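Asks: Put chains B, C and D on the given structure of chain A with help from the hints.
Chains as they are written, first to last, in the numbering used here: chain A, 5 to 157; chain B, 5 to 157; chain C, 5 to 157; chain D, 5 to 157.
Everything hinted at is true.
When chains are identical, the list treats them as one kind, so a pair holds in a single copy or across two.
Calculated cross-link-like contacts (lysine to aspartate or glutamate; reagent style DMTMM-like; alpha-carbon spacing at most 20 Å):
#1 K114 <-> E102
#2 K11 <-> E148
#3 K11 <-> D152
#4 K11 <-> D85
#5 K114 <-> D12
#6 K114 <-> E125
#7 K130 <-> E47
#8 K130 <-> E104
#9 K11 <-> E40
#10 K130 <-> D53
#11 K114 <-> E40
#12 K114 <-> E148
Hints in this document: simulated from the structure, not taken from any laboratory.
Computed from a predicted structure; not experimentally measured.
There are 4 protein chains.
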Amino acid sequence: MSAFLPKDPDFAARVRVSFARQGVMALIGARLSRVEPGLVEIELPYRADLCQQHGFFHAGITSTIADSAGGYAAFSLFPADASVLTTEFKINLLAPAEGELLRAVGRVVKPGRTLTVCEVEVLALKAGAARPCAKLLQTLMCLEGRPDMPLTG
Amino acid sequence: MSAFLPKDPDFAARVRVSFARQGVMALIGARLSRVEPGLVEIELPYRADLCQQHGFFHAGITSTIADSAGGYAAFSLFPADASVLTTEFKINLLAPAEGELLRAVGRVVKPGRTLTVCEVEVLALKAGAARPCAKLLQTLMCLEGRPDMPLTG
Amino acid sequence: MSAFLPKDPDFAARVRVSFARQGVMALIGARLSRVEPGLVEIELPYRADLCQQHGFFHAGITSTIADSAGGYAAFSLFPADASVLTTEFKINLLAPAEGELLRAVGRVVKPGRTLTVCEVEVLALKAGAARPCAKLLQTLMCLEGRPDMPLTG
Amino acid sequence: MSAFLPKDPDFAARVRVSFARQGVMALIGARLSRVEPGLVEIELPYRADLCQQHGFFHAGITSTIADSAGGYAAFSLFPADASVLTTEFKINLLAPAEGELLRAVGRVVKPGRTLTVCEVEVLALKAGAARPCAKLLQTLMCLEGRPDMPLTG
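Bound conformation, chain A alone (with noise of 0.2 Å):
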């Protein structure tokens, strides 16, 4: 259970909602797979063309789906009307990232009124097994009375 009260009721539908609008989401095929408060998981199936040149998700791939879970875990503890910006982060790439799945798990590790810290785990599964293959420590920032998305009527 997450330790975090969200300030918007509808946190999970409004990270849905964004999610969706990521168009590189949909290039990579990665699909939003959990949603809590200060929680947010991403995964990831095995496509060649995600991959370097040994045939493993290419950093940057990993760094995709890794960085998003850890904005929209920031996101889901944001008032409504707040959008959100990564400033930086920061990666280990700890084993090759080879499996049938990638799964990156992003936790609010301090909540701020003007800046989040995260990390984010992102799992390799192979044949039933779930192996860490990276680390990302990452800021993230708040943006007040910017929502996300145009409000439509």
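Replies: For chains B, C and D alone, coordinates are given in the frame of chain A:
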């Protein structure tokens, strides 16, 4: 002019062949625009399906070309029988990655037998102006005796 | 309990002797408070001359004990004839480092023959409460065949 | 020459006064050797009690002067009534920090109203030669309306 002397005179061909084998570069439409000893440049034209929810290049996609630019800058100085592995990187997103084109310029900061440190600057080109949008600091590992690709005959 | 099996049964003594040889630890008044396989804890009591201009522990001092906590966590799993070198780290300062005591808890995330990745949490103890004030993600190198100190006889 | 125009014409005095209030700088013997808009340099002569177990400057001490050099480079561009806070940094240790003197040169990469990004190069001076031994990439926060020190009178 680069200050580095490559160990492999065929370094540029080796970089180009390896780049061509990174499936993800074709997926996103990235191209290798410059290869010198210790310096590699990758360009990425704008596409809506490379973006996040606000229409800017996704930080993970920026990271993808930056990671490869730095990785190949390191690789250009490796011996012919070695392959390259990113062990970690850190990226600061300086400004929204918006424009017609992203250009990642990777440079070797400190070559080493086992570890090489690179930095990468990413520029966003918009209406004729180039603006820095990201900066990356990265550690690469040299795997000697493990050529980047299998020899075929 | 730690999940790691040390290669050197005398790991704790080796860590303690090496720590005692870090001149800077005596200068700042840091002490080794816990040594287990893959986990090392360092404590630092408050002193005005460890602070920045607002009276909080300086980020560099927080980094100093965090770097050593992670470094010795890695070192505890190394073979007896090896020494340790930090290749890089990243620290997020989560809250002002204020209080009577800082405690840095370093843990091995991923041991490796050449590179080991650690994470370190730094807690600020104030009026009986412990609050996370920093988080560090770090890469260490194992230099085999180069013992941490010269053998004397 | 610096490309930055300081908001506060008295920036250099403001940096010097704040530096003098960092207790840790006196403890380790660091001195401010250069202050320009967006550029600050700190020097640190060798002392055995600043070292790790192999007799090199401890990575945390290298970080301490690097963090302050970057922090004051950012601070030099802040308005007069603002203070500075490091939110995170990443340091790559390029070579052993050995020699008579360390010199940290901090430069603003991207100034901002809330967040400023700096990079710092640390040189080790030994027998007349200066060799890069560390590189740092850092995010600073500007706290407006919270002057660095209380006004006295």
